[in-house]
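Asker: Now for the letters of each chain:
2 protein chains.
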Amino acid sequence: MTGTITTFQHEFMTSQITRADLEALDRADPLRPFRDRFALPEGVIYLDGNSLGAMPKATPERVREVVEDEWGRDLIRSWNLNGWVDIQQRTGAKIGRLIGAREGETVVADSTSVNVFKALAAALDLRPDRRVILSEPANFPTDLYVAEGLARHLGRGHTLRVAEPDDIESAITDDVAVVMLTHVNYRTGRMHDMQRITERAHARGAIMLWDLAHSAGAVPVNLTAADVDLAVGCGYKFLNGGPGAPAFIYVAERHQRNIMPAIAGWWGHAAPFEFQQSFRPASGIDRFTVGAPAIISLTALEVGVDLMLEAPIEALRAKSVRQGELFEQLVAQELEPGTLELASPASPANRGSQICFSHSSGWPVMRALIARGVIGDFRAPDIMRFGFTPLYLGYAELWDAIATLESILAARAWDRPEYHARTRVT
Amino acid sequence: MTGTITTFQHEFMTSQITRADLEALDRADPLRPFRDRFALPEGVIYLDGNSLGAMPKATPERVREVVEDEWGRDLIRSWNLNGWVDIQQRTGAKIGRLIGAREGETVVADSTSVNVFKALAAALDLRPDRRVILSEPANFPTDLYVAEGLARHLGRGHTLRVAEPDDIESAITDDVAVVMLTHVNYRTGRMHDMQRITERAHARGAIMLWDLAHSAGAVPVNLTAADVDLAVGCGYKFLNGGPGAPAFIYVAERHQRNIMPAIAGWWGHAAPFEFQQSFRPASGIDRFTVGAPAIISLTALEVGVDLMLEAPIEALRAKSVRQGELFEQLVAQELEPGTLELASPASPANRGSQICFSHSSGWPVMRALIARGVIGDFRAPDIMRFGFTPLYLGYAELWDAIATLESILAARAWDRPEYHARTRVT
Chain A
1 MTGTITTFQH EFMTSQITRA DLEALDRADP LRPFRDRFAL PEGVIYLDGN SLGAMPKATP
61 ERVREVVEDE WGRDLIRSWN LNGWVDIQQR TGAKIGRLIG AREGETVVAD STSVNVFKAL
121 AAALDLRPDR RVILSEPANF PTDLYVAEGL ARHLGRGHTL RVAEPDDIES AITDDVAVVM
181 LTHVNYRTGR MHDMQRITER AHARGAIMLW DLAHSAGAVP VNLTAADVDL AVGCGYKFLN
241 GGPGAPAFIY VAERHQRNIM PAIAGWWGHA APFEFQQSFR PASGIDRFTV GAPAIISLTA
301 LEVGVDLMLE APIEALRAKS VRQGELFEQL VAQELEPGTL ELASPASPAN RGSQICFSHS
361 SGWPVMRALI ARGVIGDFRA PDIMRFGFTP LYLGYAELWD AIATLESILA ARAWDRPEYH
421 ARTRVT
Chain B
427 MTGTITTFQH EFMTSQITRA DLEALDRADP LRPFRDRFAL PEGVIYLDGN SLGAMPKATP
487 ERVREVVEDE WGRDLIRSWN LNGWVDIQQR TGAKIGRLIG AREGETVVAD STSVNVFKAL
547 AAALDLRPDR RVILSEPANF PTDLYVAEGL ARHLGRGHTL RVAEPDDIES AITDDVAVVM
607 LTHVNYRTGR MHDMQRITER AHARGAIMLW DLAHSAGAVP VNLTAADVDL AVGCGYKFLN
667 GGPGAPAFIY VAERHQRNIM PAIAGWWGHA APFEFQQSFR PASGIDRFTV GAPAIISLTA
727 LEVGVDLMLE APIEALRAKS VRQGELFEQL VAQELEPGTL ELASPASPAN RGSQICFSHS
787 SGWPVMRALI ARGVIGDFRA PDIMRFGFTP LYLGYAELWD AIATLESILA ARAWDRPEYH
847 ARTRVT
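Protein sequence lines correspond, in order, to chains A and B.
Residues in the first sequence are numbered from 1 upward in steps of one, following my numbering.
Residues in the second sequence are numbered from 427 upward in steps of one, following my numbering.
Hints should not be assumed to be uniformly reliable.
What the hints assert, rightly or not - In silico DMTMM-like links for lysine to aspartate or glutamate, alpha-carbon gap of 25 Å or less:
1. A:LYS57 to B:GLU487
2. B:LYS483 to B:ASP462
3. B:LYS483 to A:GLU61
It is worth saying that the hints were derived from the structure and are not from the lab.
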């Protein structure tokens, strides 16, 4: 991505940033109208849209409609009457436009984890003579767990090999069946060079599988240009699809007919409603769907995706980069030196839409922030994570977030028993 | 089940049934108050609750709350604050009470098809020296497809063997790893003797996997009494969980620690939010969850399950049996002899909560019925299927449904082009 992004990191370097500077940026922000399309509670600065995106204001009415009118009134007829039967394809096609897929290469189905399983199984089928799944140790754990589980399940000697991000390219040897990486790291925000690594994988005859959980709707992605084989991604982060929204899977058209799905469900059949006894896969991306789609959750996802399709991704990326830089500058300007250590790549071009800092008491500090309405999250062992969602996050909010953080740290306000107590999820 | 059910089939045999008789049954019906708990459109007689259950009136407000308040206002905090983190276990435990599972044996996750995959993979792991999956040719297709796909995917010589229902017991030979059957057949409504077949499977050392899609919330099920190993089931039929509601999986406690899940996702990890690099399965049923739960759809499911928990299953079964018998009698009484042929077992004790008839023009006849507000469905090649959902279906409605059918058949009103045209889903 280097070279395609304009960064602003020196803009304010010569002088102190003031809240007025940031207010001016808000007034000039071309994305500002999108803020009104989201419902955000009073008194909250939301820096966790990379974990759960905010709710579009259009969602409740559309969900009410699918529940009361489509389910309650039209009942079973809605499969045809209200387009339920095609919702996985329709929403998938819209997501496909956000990630540079061709038509018919993306479908919504299942959870991200289940789609990782399906995609990995497909990759191994496409490279039957190879036994290595290559990933990185800091990949999102579910991707590693699924790979481990699949290898054990198959019992054919597949292994999961991990290499540090800088060593990935040299680790793509001729025994690698599939390179499985998350484009933007969930913890550090580090972004891989999709084009370059995909090329390296192909040069070695490996299949390339990208997890776009922190990319779709956050950074420009062009799967077609990068010639990617397989991808999966998440509906509830930057796509604002609602808690646990269904996920998506992308399979390059050239591979589709060569893959018999590992999880061969009736929705992936060429004629699911003929109820034939034997599996005959649908001709295209449909074969990667499995069971009946969770219509209510999927409807909410479609609203989020529709809204994201209105946003110009380049403007969105530019704002996200700028917000990351400003946040970093404000940390340096407002906090005692050495309080927080940057845990994300130094260059904004190598980061996704988040920035992370390590702090030895990161957990209670984050709890104290959340208690004051500044919502980021924590990732073990010591990472405080702040996500930037340019559609609804303003510049002045960055100032207020840092001011809150500064006051918590200065007064050690985080060092209270209730903030040390562990909850199951941050 | 024979012997445990009181049938009523001779009650009206000596005289013609009148609508007044059925109205009297409605007035005396102990389940009648439940009807008001469901939103059903005017002018509709709904005989398809076995495909998509009707909407509980409580659902829209609860869904509004989870969307607007929990997601929109509480955002990411809802995982802890509003119990999202446990919703799969909590709703699973409630379903467990409907199917006679012990605590900690049932969890909601994924679709039924994905759960069939997980359960079958588990069964094969528990019987590593055996290679046969035994089922019946008329099982719901997805179960057969998933079995076929799993065998192909594993590549270790597993085969899917099918035997007709009456031959199942003798087909359980010593090479059978798992007997996989749907308790109530989706097309004919035929109900297997769960206890007896499970015993036969165990006597031969096989694992028993029941698909409860048409059983949970419809007929009494006691997995503990029957000593069942594995089961799966559907949330959107008799549990009234909404279109494509998440499904459930049951794993007998004795097997849980011996199964490494084939799809090893982060939600099945012992400590998902510690983000460890290696998979360490959760100790109990949790290990059979995979990815983040689709909270909005799951919330609707929980409403449906809560309502079903209020209903006495024996009264529900008694009414369902009675409705099936009456429907059959009305067909005989009101239609020309030989018009419809019973495609369900003759004895109500061997049927689930539906009755089916074959008719050579079943498709257009059903389309004509639906156009007049009598909603059943069609299953290829020639089956007209009528489901009985005693919580919201009245007796007099059976009369009106048959009267509508009679008028359609007498006037050949079904023989119009628009009724012959195929839609994707009935």
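Asker: If a hint holds in the structure, say so; if it does not, say that too.
Answerer: So, going through the hints one by one against the coordinates:
1. A:LYS57 to B:GLU487: Holds. A:LYS57 to B:GLU487 sits at ~17 Å (cutoff 25 Å).
2. B:LYS483 to B:ASP462: This hinted pair holds, its Cα atoms lying about 8 Å apart.
3. B:LYS483 to A:GLU61: The given pair, whose Cα atoms are some 17 Å apart, holds under the 25 Å limit.
Checked against the numbered hints given earlier, this structure breaks none of them.
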